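**Q** Protein chains in written order, with my numbering: chain V, 1 to 387; chain L, 1 to 154.
Hints are computed from structural coordinates only; laboratory data are not their basis. Only a predicted model underlies this, so the values are computations on that prediction, with no experimental measurement involved. Check each hint, because a few of them may be wrong.
[Unchecked claim] Beta-carbon label-pair distances, calculated as ranges:
(1) L:R112 to V:G227: 54 to 60 Å
(2) V:R140 to L:L33: 37 to 43 Å
(3) L:H97 to V:S212: 15 to 21 Å
(4) V:P307 to L:D77: 47 to 53 Å
(5) V:V243 to L:D98: 36 to 42 Å
Built from N, CA and C at the ideal position, the CB exists for glycine as well.
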Amino acid sequence: MAIAIVGSGPAGFYMADAVSKSLPNVRVHLFERLSLPFGLVRYGVAPDHVGTKAVYRLFDRVMKRPNVSFFGNVEIGRDVSLGQLESTYKVVVIATGGTVGRLLQFVGTESFYHISGLDFAGWFNGKPDALVAPPPSKARSVCILGNGNVGLDAARLLTKSSVQLQEAGVPEPVVHWRSVLGLEAIHIFGRRGAAQTKFGVSELEELGRSQSFRPVVCPQEVLDGQGENIAALDVLRKFSQDVPDDRLPITFHFDTEILGGGDGCLKTNSPHSGLQSHEAGMLIHAIGQRASPLPGLPFDEGAGFIPNENGLIQGKENVYAIGWAAKAGGGQIASNRTHAQAILPRLAAHLSGSSTPANGFVNTPPPWLPFTAVTWEQACAMDPWRT
Amino acid sequence: MKVLLLVVTMTGTSEMIAEDIVEAYGAEHEFDLQLIENTEPAILSTNRNLIVISSTYGTGDVPDPGQPFFMALESSDLNLAHLNYGVIALGDDKIYHDTFANGGRQWDALLRRRQANSVTEPLLLDSAGSDDISELAVDWSAACLAALKSTIAA
Numbered sequence: 001m002a003i004a005i006v007g008s009g010p011a012g013f014y015m016a017d018a019v020s021k022s023l024p025n026v027r028v029h030l031f032e033r034l035s036l037p038f039g040l041v042r043y044g045v046a047p048d049h050v051g052t053k054a055v056y057r058l059f060d061r062v063m064k065r066p067n068v069s070f071f072g073n074v075e076i077g078r079d080v081s082l083g084q085l086e087s088t089y090k091v092v093v094i095a096t097g098g099t100v101g102r103l104l105q106f107v108g109t110e111s112f113y114h115i116s117g118l119d120f121a122g123w124f125n126g127k128p129d130a131l132v133a134p135p136p137s138k139a140r141s142v143c144i145l146g147n148g149n150v151g152l153d154a155a156r157l158l159t160k161s162s163v164q165l166q167e168a169g170v171p172e173p174v175v176h177w178r179s180v181l182g183l184e185a186i187h188i189f190g191r192r193g194a195a196q197t198k199f200g201v202s203e204l205e206e207l208g209r210s211q212s213f214r215p216v217v218c219p220q221e222v223l224d225g226q227g228e229n230i231a232a233l234d235v236l237r238k239f240s241q242d243v244p245d246d247r248l249p250i251t252f253h254f255d256t257e258i259l260g261g262g263d264g265c266l267k268t269n270s271p272h273s274g275l276q277s278h279e280a281g282m283l284i285h286a287i288g289q290r291a292s293p294l295p296g297l298p299f300d301e302g303a304g305f306i307p308n309e310n311g312l313i314q315g316k317e318n319v320y321a322i323g324w325a326a327k328a329g330g331g332q333i334a335s336n337r338t339h340a341q342a343i344l345p346r347l348a349a350h351l352s353g354s355s356t357p358a359n360g361f362v363n364t365p366p367p368w369l370p371f372t373a374v375t376w377e378q379a380c381a382m383d384p385w386r387t
Numbered sequence: 001m002k003v004l005l006l007v008v009t010m011t012g013t014s015e016m017i018a019e020d021i022v023e024a025y026g027a028e029h030e031f032d033l034q035l036i037e038n039t040e041p042a043i044l045s046t047n048r049n050l051i052v053i054s055s056t057y058g059t060g061d062v063p064d065p066g067q068p069f070f071m072a073l074e075s076s077d078l079n080l081a082h083l084n085y086g087v088i089a090l091g092d093d094k095i096y097h098d099t100f101a102n103g104g105r106q107w108d109a110l111l112r113r114r115q116a117n118s119v120t121e122p123l124l125l126d127s128a129g130s131d132d133i134s135e136l137a138v139d140w141s142a143a144c145l146a147a148l149k150s151t152i153a154a
């Protein structure tokens, strides 16, 4: 008996881990749209956060189990239909993640080069389809929308020297792009106050240690001590008291409304600063993400996920969604593990009664597998992390 | 020798390390691998040898799954003078330098307060480092297991 898991990011791998460990007689086939595995861990986690990326070693262990196989460069809707998956496997689990960064809509957006924080991280991580258009070759000022760690990741990556980026494994064309960008200022905008951010304390402090850029916070914006993230507010307060030096500014703007754009400038309004205009050679939207629809499955366009009940997809009997695709888990890498373990008993009920095939785990690929599919060994051989 | 392995993990890395220890020394010792969320402090009363493997969450906190056990043990009046232990503390020394491996260090401090006997210094493992942390843990465990064994003998 066999199960198909679609997506080899944290949701897919934690699902494969749980199934292959507790049901050793079930064959697990893990499908990945791209050639290389690990999804968000490879392309979403910032390249310099190697400790967070190290969770891939755990996923490597999963691949060592005899009942698990990986097939990269296989896309649902392009190489195989959902119907084919359903008729080949006893259970199908959709673990395709939250792959689409949300873009803020406002009047005059055509005036800017837009990129989501997710795609920006993907680009610095060598994700093949991260850019939809060539990036601007020059940008004196970059504006980042959103007060979470994805925005801080983008800001921090922009502050790194060529050597630091190379050490983090950032592809050479990206390092070169940054080195000739001519960047003099970074702006970070939040719709809410300085006490209501989603910034992590360590991530803020990390930005404060930059050698070339300095966080700039206006003291009036950090007066209010009421809010849900006082720990981050304390760090922002420290920034507001720093003595200016010759480092370039990363300016934080809170309670800010984006009014529109024109002539490459972002028009903003806030209670503290009033009407302002900021040059934006690049506009990075770090305001959240959504899942992408899959042919043959329902999709909630408004909320951006696959509608499901405790994982079971609406209108299906044996197709489940987990992680970001199911809008479950809360967005942390580790919460996918919890979600996979919660769904495991439901999958086990479909898969009970499995016994080891007489010929052991030959793990025959599905008959419709395209010849362009990438095996685990091939993926490892072409993986820059392993060379 | 019977040894309790208490695993406190969010991502599963500590569990992977515990499984590696069992694989390496399972022939010599009888291990009881427990995820912290599935057990409670009373288990410490019936064991004499313990290795805690804990990651660190947020700014130096014990990971969420370990919080109920930690708080129950902290507020209990258990005397663990019969218990010998070692701690493997995981963390990220790059992003979270100031609170590096504090999750495991908190277990060490709490076990001390409950009169348990530390047989060796905690092993601090940096997930952002270049070493294979599982190999380091397996190497350290040989010495820790030897120390646990000699403490029983004494």
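**Q** Falls inside 15 to 21 Å, the C-beta gap from H97 of chain L to S212 of chain V?
**A** Because 20 Å falls inside the window, the suggested range holds.
**Q** Taking 36 to 42 Å as the stated bounds, is the beta-carbon spacing between V243 of chain V and D98 of chain L within them?
**A** violated, 22 Å
**Q** Is 47 to 53 Å respected by the C-beta to C-beta distance linking P307 of chain V and D77 of chain L?
**A** holds, 50 Å
**Q** Quick one: are R140 of chain V and L33 of chain L within 37 to 43 Å, going by C-beta?
**A** violated, 56 Å
**Q** Per the hint of 54 to 60 Å, is the separation of the Cβ atoms of R112 of chain L and G227 of chain V within bounds?
**A** Given about 37 Å between the Cβ atoms, the range is violated.
The structure fails to meet hints 1, 2, 5 from the earlier list, while all remaining hints are met.
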